[in-house]
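First to last, the sequence lines map onto chains X and U. This note's numbering applies: residue 29 is where the first sequence begins, and numbers increase by one. This note's numbering applies: residue 29 is where the second sequence begins, and numbers increase by one.
These are computed hints drawn from the structure, not numbers from a lab. Errors might be hidden in some of the hints.
In this list, chains with the same sequence are indistinguishable; a pair is considered to hold if it fits within one copy or across any two.
Calculated lysine-lysine pairs in the DSSO-like style (CA-CA distance at most 30 Å, straight line) [stated by the list, open to error]: (1) Lys326 with Lys146; (2) Lys230 with Lys31; (3) Lys313 with Lys383; (4) Lys189 with Lys212; (5) Lys94 with Lys317; (6) Lys189 with Lys207; (7) Lys107 with Lys318; (8) Lys318 with Lys95; (9) Lys40 with Lys115; (10) Lys33 with Lys208; (11) Lys208 with Lys189; (12) Lys115 with Lys31; (13) Lys35 with Lys53; (14) Lys385 with Lys332; (15) Lys230 with Lys132; (16) Lys72 with Lys381; (17) Lys127 with Lys368; (18) Lys108 with Lys313; (19) Lys43 with Lys207; (20) Lys184 with Lys208; (21) Lys184 with Lys230; (22) Lys313 with Lys132; (23) Lys368 with Lys384; (24) Lys95 with Lys53; (25) Lys368 with Lys94; (26) Lys208 with Lys230; (27) Lys368 with Lys115; (28) Lys108 with Lys318.
What follows is each chain in one-letter form.
Number of protein chains: 2
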Amino acid sequence: MSKNKPKEELEKLGKNILEQIKKQKNPEIVIPIRALSNINYDEKSKTIVMGEKVSSRYFFNIAHAKKFLQTLEIASIIKKELLETNKHEHLRGIFYIAKRTIPKTNINIVDDQVESDKIIEDLEVITGLSREQMHISANKMGSLVGNIIIEDSGDKIDCSKLGKGGYSIPSITDEIEFKKVNAKYVLYMEKASTFERLVEDKFWAKNNAILVTSQGQTTRGIRRLLQRLSEEHNLPIYVLCDGDIYGAYIYSVLKYGSIALSHASERLTIPSVKYVGITMDDVIKYDLKKQLIKLDEKDLARIKQVSKYDWFKNNKDWQRQFKMMKEFNGKVEIQSLSSKGVSFISEIYLPEKIKKKDFLE
Amino acid sequence: MSKNKPKEELEKLGKNILEQIKKQKNPEIVIPIRALSNINYDEKSKTIVMGEKVSSRYFFNIAHAKKFLQTLEIASIIKKELLETNKHEHLRGIFYIAKRTIPKTNINIVDDQVESDKIIEDLEVITGLSREQMHISANKMGSLVGNIIIEDSGDKIDCSKLGKGGYSIPSITDEIEFKKVNAKYVLYMEKASTFERLVEDKFWAKNNAILVTSQGQTTRGIRRLLQRLSEEHNLPIYVLCDGDIYGAYIYSVLKYGSIALSHASERLTIPSVKYVGITMDDVIKYDLKKQLIKLDEKDLARIKQVSKYDWFKNNKDWQRQFKMMKEFNGKVEIQSLSSKGVSFISEIYLPEKIKKKDFLE
Chain X
29 MSKNKPKEEL
39 EKLGKNILEQ
49 IKKQKNPEIV
59 IPIRALSNIN
69 YDEKSKTIVM
79 GEKVSSRYFF
89 NIAHAKKFLQ
99 TLEIASIIKK
109 ELLETNKHEH
119 LRGIFYIAKR
129 TIPKTNINIV
139 DDQVESDKII
149 EDLEVITGLS
159 REQMHISANK
169 MGSLVGNIII
179 EDSGDKIDCS
189 KLGKGGYSIP
199 SITDEIEFKK
209 VNAKYVLYME
219 KASTFERLVE
229 DKFWAKNNAI
239 LVTSQGQTTR
249 GIRRLLQRLS
259 EEHNLPIYVL
269 CDGDIYGAYI
279 YSVLKYGSIA
289 LSHASERLTI
299 PSVKYVGITM
309 DDVIKYDLKK
319 QLIKLDEKDL
329 ARIKQVSKYD
339 WFKNNKDWQR
349 QFKMMKEFNG
359 KVEIQSLSSK
369 GVSFISEIYL
379 PEKIKKKDFL
389 E
Chain U
29 MSKNKPKEEL
39 EKLGKNILEQ
49 IKKQKNPEIV
59 IPIRALSNIN
69 YDEKSKTIVM
79 GEKVSSRYFF
89 NIAHAKKFLQ
99 TLEIASIIKK
109 ELLETNKHEH
119 LRGIFYIAKR
129 TIPKTNINIV
139 DDQVESDKII
149 EDLEVITGLS
159 REQMHISANK
169 MGSLVGNIII
179 EDSGDKIDCS
189 KLGKGGYSIP
199 SITDEIEFKK
209 VNAKYVLYME
219 KASTFERLVE
229 DKFWAKNNAI
239 LVTSQGQTTR
249 GIRRLLQRLS
259 EEHNLPIYVL
269 CDGDIYGAYI
279 YSVLKYGSIA
289 LSHASERLTI
299 PSVKYVGITM
309 DDVIKYDLKK
319 QLIKLDEKDL
329 ARIKQVSKYD
339 WFKNNKDWQR
349 QFKMMKEFNG
359 KVEIQSLSSK
369 GVSFISEIYL
379 PEKIKKKDFL
389 E
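Go ahead and model the full structure; you've got the sequences and the hints to work with.
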């Protein structure tokens, strides 16, 4: 996409409103609907996608007028304050910029960040631009190491020479470039402690892997980074999570997308991603039954819910996992592998599973 | 401290027990008490320190026997699995290693991580070793950029050439070396979004500062890193937090230490640290009243509690801040400065405050 495309798309939105005003129409913005009623699991692309339903937002409509104003105001902030100055701002900052009082009234343009966040999502679907293309960031999280040279803001960063710490992943990863990639696969793990274990054991060098951790939730920045490594360098992406329903869901968001971000599926999902573990079969194979943590009500309810999702309901392998979770009445953490030895995960567990391609899909 | 000191200290603990057994004594471990009753604020050193009270743990005492066993077992795991192999393990991993059944019984050595965590803290006060010296890690968090070259595990890392991402701070920072430091001060901020703003504006290059963010709580690794930069390179450390009671507390932990980690004060606190903002005076000076967020019950209760802490109760400047928080009935976030312009924080707010040394202490 050209550097000017985002500005042009926002200008187009404004010009369109202007034309309607000139024609003395009631100004209207057409917005694809982001509700559950307009979200489908597409069997062919194997991703969660938005349907074709749209709604209209009118200026001369008491129920719409404020949101109409918010839409134009935030579009204007993005164009003037961010794109034209080539700066980035986070969601919370956009809220504070937009939170001002309409002159000669006591009405604020926005009173709560939820309002500006929703408008930003609206602008994504209205313009087809991603939030990142509009220079809006969210959480900065995660680390990366491996045989990869990244160019970030003019700096060439050799991620094989960053000690135990690694490269701190920025919130927006669309703008970094992969200058040289020499790896067989990418291993993404939810836990930073596992990352530190693998780094200390030089797992990435011995196995020629790129290691990525999120230190918590998988941010959009990390999803996009993994997708780009998959698409631009054809690297397999393996996911290492706790053996529980939340781990399964982290994996499914990477692979199929999420309901909340269905409109961004194309830029975020990685259909080829594979789940390396931990599985319920590992519990038997590696004798981890003693390390199981008992399921509580919340776990059970979530298993019930997730197992019914369109993208899981016909997947025999995953249904078998969910059944075993219930039979064992337990879940298992990655760190429980330490009970077999501090480096069991890097010397035995991962090399064996990856060599045998013992994945869940 | 010599490389072998940690091993020797743990051996000393074991040998001492052995000698007691040879003398047919009831084996005893003497442990400084880590309860509130043994914690004082030391006016002279201006840190929260442990008193001199100790307790004894006996093997032949039904109430002590299990903890006695846990103490020796975990000391043994640390020596054999970590120090002798030169590996590190996180708290959760230590729990899983220790969680095994005593042969011919159905009793586990530990059943819950709380137990192993407490024993590790006991071992810190028994041996005088830090958790980090025993190779036990906790959370990996945070990023760093600036004119500093770090040596981490043999890699020399120039933190002025790491793009927008920066160096991802490891959980244990005792082992990194500062090879070359060329900065006037360190700015530590709680929020990663502020870090990204300052990095994009090249604040660190323009002001010759090292920037550190935690992306959440200030981990022990970050506290130690800041302390080492202060002590080894005589750098001023400035703290940038939200203008609320939680920001004040983050600052006070850095400066005075915390109740939970009073035994580690010497290795973690930075008496010279200064608070750069946001203050309640900033709210007036920079016209941020509209950006105030109303205090809730929890905020008010926490203000009452924190303002009575020994290290705050005689501090007039901070008492004035707490009073203003109550008068305004509000708190203010760092990001609210965006309402003055995206780069107001890096172009006006911080340079002005730092130039005028407009700090709270």
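Hints and how they fare:
1. For the homomeric pair Lys326 and Lys146, the shortest alpha-carbon distances inside one copy (29 Å) and between copies (28 Å) are both at most 30 Å.
2. Proximity of Lys230 and Lys31 under a CA criterion of 30 Å is satisfied inter-copy only: 22 Å between copies versus 39 Å inside one chain copy.
3. With identical chains, the CA atoms of Lys313 and Lys383 are at most 30 Å apart within one copy only, with a shortest distance of 16 Å there and 63 Å across copies.
4. In the homo-oligomer, the alpha carbons of Lys189 and Lys212 lie at most 30 Å apart both inside one protomer (18 Å) and across protomers (26 Å), since each shortest distance falls under that limit.
5. Taking identical chains as interchangeable, the C-alpha atoms of Lys94 and Lys317 lie at most 30 Å apart only when they sit on different chains, with a minimum of 24 Å there against 57 Å within one chain.
6. When the C-alpha separation of Lys189 and Lys207 is checked against a cutoff of 30 Å, the pair qualifies both within a copy, at 15 Å, and between copies, at 15 Å.
7. For the identical chains of this complex, Lys107 and Lys318 are inter-copy neighbours only, at 24 Å across copies versus 57 Å inside a copy, given an alpha-carbon limit of 30 Å.
8. Within a single copy, Lys318 and Lys95 get their C-alpha atoms only as close as 55 Å, which misses the 30 Å cut-off; across copies the closest is 21 Å, which meets it.
9. In the homo-oligomer, the alpha carbons of Lys40 and Lys115 lie at most 30 Å apart inside one protomer (21 Å), although the nearest pairing across protomers, at 58 Å, exceeds that limit.
10. For a Cα distance limit of 30 Å, the shortest separation of Lys33 from Lys208 inside one copy, 27 Å, qualifies, whereas the shortest one across copies, 43 Å, does not.
11. When the C-alpha separation of Lys208 and Lys189 is checked against a cutoff of 30 Å, the pair qualifies both within a copy, at 14 Å, and between copies, at 17 Å.
12. For the homomeric pair Lys115 and Lys31, the shortest alpha-carbon distance inside one copy (13 Å) is at most 30 Å, but the shortest distance between copies (47 Å) is not.
13. Taking the shortest alpha-carbon separations for Lys35 and Lys53, only the intra-copy value of 25 Å comes in at or below 30 Å, while the best inter-copy value is 81 Å.
14. For a Cα distance limit of 30 Å, the shortest separation of Lys385 from Lys332 inside one copy, 28 Å, qualifies, whereas the shortest one across copies, 58 Å, does not.
15. For a Cα distance limit of 30 Å, the shortest separation of Lys230 from Lys132 qualifies neither inside one copy, at 64 Å, nor across copies, at 39 Å.
16. In this assembly of identical chains, the alpha carbons of Lys72 and Lys381 lie at most 30 Å apart only when taken from the same copy (29 Å versus 58 Å across copies).
17. In the homo-oligomer, the alpha carbons of Lys127 and Lys368 lie at most 30 Å apart only across protomers (11 Å), although the nearest pairing inside one protomer, at 55 Å, exceeds that limit.
18. Taking the shortest Cα distances, Lys108 and Lys313 sit within 30 Å of each other only across copies (26 Å), while inside one copy they are farther apart (58 Å).
19. Taking the closest pair of Cα atoms, Lys43 and Lys207 never come within 30 Å of each other, the shortest separation being 39 Å inside a single copy and 56 Å across copies.
20. Taking identical chains as interchangeable, the C-alpha atoms of Lys184 and Lys208 lie at most 30 Å apart whether they share a chain (10 Å) or sit on different chains (20 Å).
21. Taking identical chains as interchangeable, the C-alpha atoms of Lys184 and Lys230 lie at most 30 Å apart whether they share a chain (22 Å) or sit on different chains (17 Å).
22. For the identical chains of this complex, Lys313 and Lys132 are inter-copy neighbours only, at 24 Å across copies versus 71 Å inside a copy, given an alpha-carbon limit of 30 Å.
23. For the homomeric pair Lys368 and Lys384, the shortest alpha-carbon distance inside one copy (20 Å) is at most 30 Å, but the shortest distance between copies (57 Å) is not.
24. Proximity of Lys95 and Lys53 under a CA criterion of 30 Å is satisfied intra-copy only: 18 Å inside one chain copy versus 79 Å between copies.
25. In the homo-oligomer, the alpha carbons of Lys368 and Lys94 lie at most 30 Å apart only across protomers (23 Å), although the nearest pairing inside one protomer, at 60 Å, exceeds that limit.
26. With identical chains, the CA atoms of Lys208 and Lys230 are at most 30 Å apart both within one copy (20 Å) and between copies (26 Å).
27. In this assembly of identical chains, the alpha carbons of Lys368 and Lys115 lie at most 30 Å apart only when taken from different copies (15 Å versus 49 Å within one copy).
28. Only between protomers do Lys108 and Lys318 lie at most 30 Å apart by alpha-carbon distance; the minimum there is 23 Å, versus 59 Å within a single protomer.
Consistency note: the structure conflicts with the earlier hints numbered 15, 19.
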